[in-house]
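**Q** One letter stands for each residue in the lines below.
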Amino acid sequence: MKRQDIQCDSQGQLRHFLTIEGHKRETLTQILDTAENFVTVGNQPVKKVPLLRGKTIVNLFFESSTRTRTTFELAAKRLSADVLNVNISTSSTSKGESLLDMLHNLEAMHCDMFVVRHEQSGAAHFIAQHVVPHISIINAGDGRHAHPTQAMLDVFTIRKHKPDFTALRVAIVGDLMHSRVARSQIHALNTLGVPEIRAIGPCTLIPPYLEQMGVHVYHDVREGLKDVDVVIMLRLQRERMDGALLPSELEYFQTYGLTQEKLALAKPDAIVMHPGPINRGVEIESSVADGPQSVILEQVSNGIAVRMAVMSVVLGRKPSGEEGEA
Amino acid sequence: MKRQDIQCDSQGQLRHFLTIEGHKRETLTQILDTAENFVTVGNQPVKKVPLLRGKTIVNLFFESSTRTRTTFELAAKRLSADVLNVNISTSSTSKGESLLDMLHNLEAMHCDMFVVRHEQSGAAHFIAQHVVPHISIINAGDGRHAHPTQAMLDVFTIRKHKPDFTALRVAIVGDLMHSRVARSQIHALNTLGVPEIRAIGPCTLIPPYLEQMGVHVYHDVREGLKDVDVVIMLRLQRERMDGALLPSELEYFQTYGLTQEKLALAKPDAIVMHPGPINRGVEIESSVADGPQSVILEQVSNGIAVRMAVMSVVLGRKPSGEEGEA
Amino acid sequence: MKRQDIQCDSQGQLRHFLTIEGHKRETLTQILDTAENFVTVGNQPVKKVPLLRGKTIVNLFFESSTRTRTTFELAAKRLSADVLNVNISTSSTSKGESLLDMLHNLEAMHCDMFVVRHEQSGAAHFIAQHVVPHISIINAGDGRHAHPTQAMLDVFTIRKHKPDFTALRVAIVGDLMHSRVARSQIHALNTLGVPEIRAIGPCTLIPPYLEQMGVHVYHDVREGLKDVDVVIMLRLQRERMDGALLPSELEYFQTYGLTQEKLALAKPDAIVMHPGPINRGVEIESSVADGPQSVILEQVSNGIAVRMAVMSVVLGRKPSGEEGEA
Numbered sequence: 000m001k002r003q004d005i006q007c008d009s010q011g012q013l014r015h016f017l018t019i020e021g022h023k024r025e026t027l028t029q030i031l032d033t034a035e036n037f038v039t040v041g042n043q044p045v046k047k048v049p050l051l052r053g054k055t056i057v058n059l060f061f062e063s064s065t066r067t068r069t070t071f072e073l074a075a076k077r078l079s080a081d082v083l084n085v086n087i088s089t090s091s092t093s094k095g096e097s098l099l100d101m102l103h104n105l106e107a108m109h110c111d112m113f114v115v116r117h118e119q120s121g122a123a124h125f126i127a128q129h130v131v132p133h134i135s136i137i138n139a140g141d142g143r144h145a146h147p148t149q150a151m152l153d154v155f156t157i158r159k160h161k162p163d164f165t166a167l168r169v170a171i172v173g174d175l176m177h178s179r180v181a182r183s184q185i186h187a188l189n190t191l192g193v194p195e196i197r198a199i200g201p202c203t204l205i206p207p208y209l210e211q212m213g214v215h216v217y218h219d220v221r222e223g224l225k226d227v228d229v230v231i232m233l234r235l236q237r238e239r240m241d242g243a244l245l246p247s248e249l250e251y252f253q254t255y256g257l258t259q260e261k262l263a264l265a266k267p268d269a270i271v272m273h274p275g276p277i278n279r280g281v282e283i284e285s286s287v288a289d290g291p292q293s294v295i296l297e298q299v300s301n302g303i304a305v306r307m308a309v310m311s312v313v314l315g316r317k318p319s320g321e322e323g324e325a
Numbered sequence: 000m001k002r003q004d005i006q007c008d009s010q011g012q013l014r015h016f017l018t019i020e021g022h023k024r025e026t027l028t029q030i031l032d033t034a035e036n037f038v039t040v041g042n043q044p045v046k047k048v049p050l051l052r053g054k055t056i057v058n059l060f061f062e063s064s065t066r067t068r069t070t071f072e073l074a075a076k077r078l079s080a081d082v083l084n085v086n087i088s089t090s091s092t093s094k095g096e097s098l099l100d101m102l103h104n105l106e107a108m109h110c111d112m113f114v115v116r117h118e119q120s121g122a123a124h125f126i127a128q129h130v131v132p133h134i135s136i137i138n139a140g141d142g143r144h145a146h147p148t149q150a151m152l153d154v155f156t157i158r159k160h161k162p163d164f165t166a167l168r169v170a171i172v173g174d175l176m177h178s179r180v181a182r183s184q185i186h187a188l189n190t191l192g193v194p195e196i197r198a199i200g201p202c203t204l205i206p207p208y209l210e211q212m213g214v215h216v217y218h219d220v221r222e223g224l225k226d227v228d229v230v231i232m233l234r235l236q237r238e239r240m241d242g243a244l245l246p247s248e249l250e251y252f253q254t255y256g257l258t259q260e261k262l263a264l265a266k267p268d269a270i271v272m273h274p275g276p277i278n279r280g281v282e283i284e285s286s287v288a289d290g291p292q293s294v295i296l297e298q299v300s301n302g303i304a305v306r307m308a309v310m311s312v313v314l315g316r317k318p319s320g321e322e323g324e325a
Numbered sequence: 000m001k002r003q004d005i006q007c008d009s010q011g012q013l014r015h016f017l018t019i020e021g022h023k024r025e026t027l028t029q030i031l032d033t034a035e036n037f038v039t040v041g042n043q044p045v046k047k048v049p050l051l052r053g054k055t056i057v058n059l060f061f062e063s064s065t066r067t068r069t070t071f072e073l074a075a076k077r078l079s080a081d082v083l084n085v086n087i088s089t090s091s092t093s094k095g096e097s098l099l100d101m102l103h104n105l106e107a108m109h110c111d112m113f114v115v116r117h118e119q120s121g122a123a124h125f126i127a128q129h130v131v132p133h134i135s136i137i138n139a140g141d142g143r144h145a146h147p148t149q150a151m152l153d154v155f156t157i158r159k160h161k162p163d164f165t166a167l168r169v170a171i172v173g174d175l176m177h178s179r180v181a182r183s184q185i186h187a188l189n190t191l192g193v194p195e196i197r198a199i200g201p202c203t204l205i206p207p208y209l210e211q212m213g214v215h216v217y218h219d220v221r222e223g224l225k226d227v228d229v230v231i232m233l234r235l236q237r238e239r240m241d242g243a244l245l246p247s248e249l250e251y252f253q254t255y256g257l258t259q260e261k262l263a264l265a266k267p268d269a270i271v272m273h274p275g276p277i278n279r280g281v282e283i284e285s286s287v288a289d290g291p292q293s294v295i296l297e298q299v300s301n302g303i304a305v306r307m308a309v310m311s312v313v314l315g316r317k318p319s320g321e322e323g324e325a
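Chains as they are written, first to last, in numbering that gives the first Met the number 0: chain A, 0 to 325; chain B, 0 to 325; chain C, 0 to 325.
Accuracy of the hints is not assured; some may be wrong.
Given that identical chains are not distinguished, each listed pair holds provided it fits within a single copy or across any two copies.
Said to hold, decoys possible - In silico EDC-like pairs for lysine to aspartate or glutamate, Cα to Cα no more than 20 Å straight-line:
#1 Lys159 with Asp289
#2 Lys47 with Glu106
#3 Lys159 with Glu35
#4 Lys47 with Glu260
#5 Lys76 with Asp111
#6 Lys47 with Asp219
It is worth saying that the hints were derived from the structure and are not from the lab. Every value quoted in this text rests on a predicted model; they were computed, and no experiment measured them.
So that you can see chain A by itself, here it is in the shape it has in the complex (with noise of 0.2 Å):
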């Protein structure tokens, strides 16, 4: 239970999120009852609530990703947190300081919570095991390890759709070996008591861990989506692939790629999802992914309300006795 510990501080309370693995359904769960509040927040004239003010928030990017440093920007913006972009590949430690000697120092200018994207996997538990017990972690992903907060937006759109996790059948399409989101996917739906998770892809993005997390792996697509009550498709990482895994994008849309006549083999409820940006004519198809089936664009609005849960959730907690100040 070490990630646990890493994750909890001393009374138990959820202090960092760094990965799915370790937490409790009971703790995935109060994350998810609490974005649902969230929610209706992005739907008010006025989209903001004062729970964080006063409060730092470092958006520290090793990594450039536009994208996902909008979504944690405005979930803290919302509850009214001041945020610092810190984008590291112009920073200080160019001047070379080292890793440690900078988050001291933002430390020391008595920071709340440190938003972290890097591409080396493991990056943001390496931080989180070296802050002071004021300081919070949130893992915006790291190289291919865990993208814990995707996949909470992701279970929550799910629970919104289907709200018994407990009767249902997922399929996860793709790049399984390179996505970081399927990892912390996968982690989630196991811990919320899904009965069946499903990997379809080539035998070359297949990591041959995922039959030990119980997960059923298809390399016939049809065979794998017989059924299926949530097709979830991933983001071909073109740019994480070093060798020619692949045949070529139109070979692996013809035969993976989301189609309307693919998906009629899907539940007729099936909802589809998909972390974006999405490569149309490469992993789906236009026609899927702007059908009424697809949930992609409420997995983005879930995903401001879900990462303020997650931030007020980890800020929110009291302070135990040995946190004061380092």
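Following the hints, put chains B and C in place on chain A, whose structure we already have.
**A** Quick look at chains B and C alone, frame taken from chain A:
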């Protein structure tokens, strides 16, 4: 009246501000009158009004412009809105995401307004045609087409000094061919009832359609400046000229550059305007730019008030029946 | 007393903060006392005071520095000001706009303060000489000249540990030649009455004018550290050295780097300071940087409070007769 349709909602209220064309005189006057109220905000100790608190305004800049971005960011912050700066060259469009998918994502995050700057004419219209009903677009400059908030701050500045538009003679001098500012100014002056607009410049920099817009064309600057009330100098858009349309900057200055001697041909109380940034010694002499007839820096101050006015008019419209969340 | 004139308004109130030179001891003490009140703000649950609400502060950075920009941005936000980040390398100066025209534009937007960082000595003074009376300038580092807020946070940190400046012996070690920080520190320590300031470094890195400032120069680090109360290590500004002023980093460390063994020569309760970012193993040993005598991270915390103090003192002055809008 297609453009009218795009810029107004079904109740006839101003929804987008993409171009001056198609707006009635009353609409422009409403914006000018609203801006009067915001001029004083810049002089108060607390330069902030709570009108747009809890609104999310996105600066969507496909073309870098610190100057324009700064004025919109300031205007939004003084209205208490939350501002997101999204520089598109570094965003996920580089991952192959289409423009429309990116827009739909920002929509799903419940943003209220996009301030759009783009190097291609028509970009803001294209975006306005495709966003969901609750979002407003402000054109912050698209290619050679339009820069309507610049034109509004110009007519606002003129009205401060010369309250009766119907008694004015206005000269616009320089590179009208490449100037989105000039196009928008001419439409605004026409709509507000200015009886005589003159365009002054070399043949190569005067577009043929001006005469159809009722503009009097002069190639002789001395003749054109005679007895005018307002002289608007344009910036020489060197970066937009593809060929050798001009012999040299020095020769341009000698022929068309505004000097004290040439300015003396205008009315004694004529005002001198320039959208900035100015090229001293190219289109305008320093003693004129900094002289008593220059209102160039007033234009900058008024720019904040006018942008606040456009933002608050557009976002202050009452929701109509058709316009729920998409 | 020309500098005094520039930094104060006609009532003798602090208007700009460009350099330590020319300020009376009372002025520096006022800033230090004000900063005491802000230290606690960083420890409150709501790290915000409404002192500068509705003020517009522009970070005008001609030289990139994430670290310094971050501290000023945080300080301004905790005072509830609106902050604009303007990175000049990408701004309209690249369109041929002169620096003064750009400044006058920002003035016209009713900004209240420019925090200026520039690679050329004197840049902040130049700007202060040319802005209209309602604008204040804070120098955030100009070339080799000055970095006065850094010096103020240093003397603030010293005072926390050694309240009586008139009883202190302070050593500054390293590259004093290229250090704007050291210049400002020496002026601040002199003004506050420190009787003995020592400069320690190789001949090539000690500027000749130090002795005229009353500083005792040592080339032997062991001799120089003997019985001092405060050891200030400077960063080795490798990027500022144009020639081969040093044999090698290793040799520098062996001669001038602060080790536990050398530190033992100072008083037993001596404190160790460094403006950061530190080069571990070059100018300071890790066991010293992280050891019980190090106050390096306290300096960072105090930096926020001291910058809040400078900002609030400067913007809190009462308007005088001559100072209306320009």
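**Q** Each hint needs a verdict: does it hold in this structure or not?
**A** Okay, the hints, checked on the actual structure:
1. Lys159 with Asp289: So Lys159 and Asp289 pass the 20 Å test inside one copy only (19 Å; across, 50 Å).
2. Lys47 with Glu106: between (26 Å within a copy, 17 Å between copies)
3. Lys159 with Glu35: within (9 Å within a copy, 48 Å between copies)
4. Lys47 with Glu260: neither (43 Å within a copy, 56 Å between copies)
5. Lys76 with Asp111: both (14 Å within a copy, 14 Å between copies)
6. Lys47 with Asp219: For Lys47 and Asp219, the Cα distance exceeds 20 Å both inside one copy (47 Å) and across copies (57 Å).
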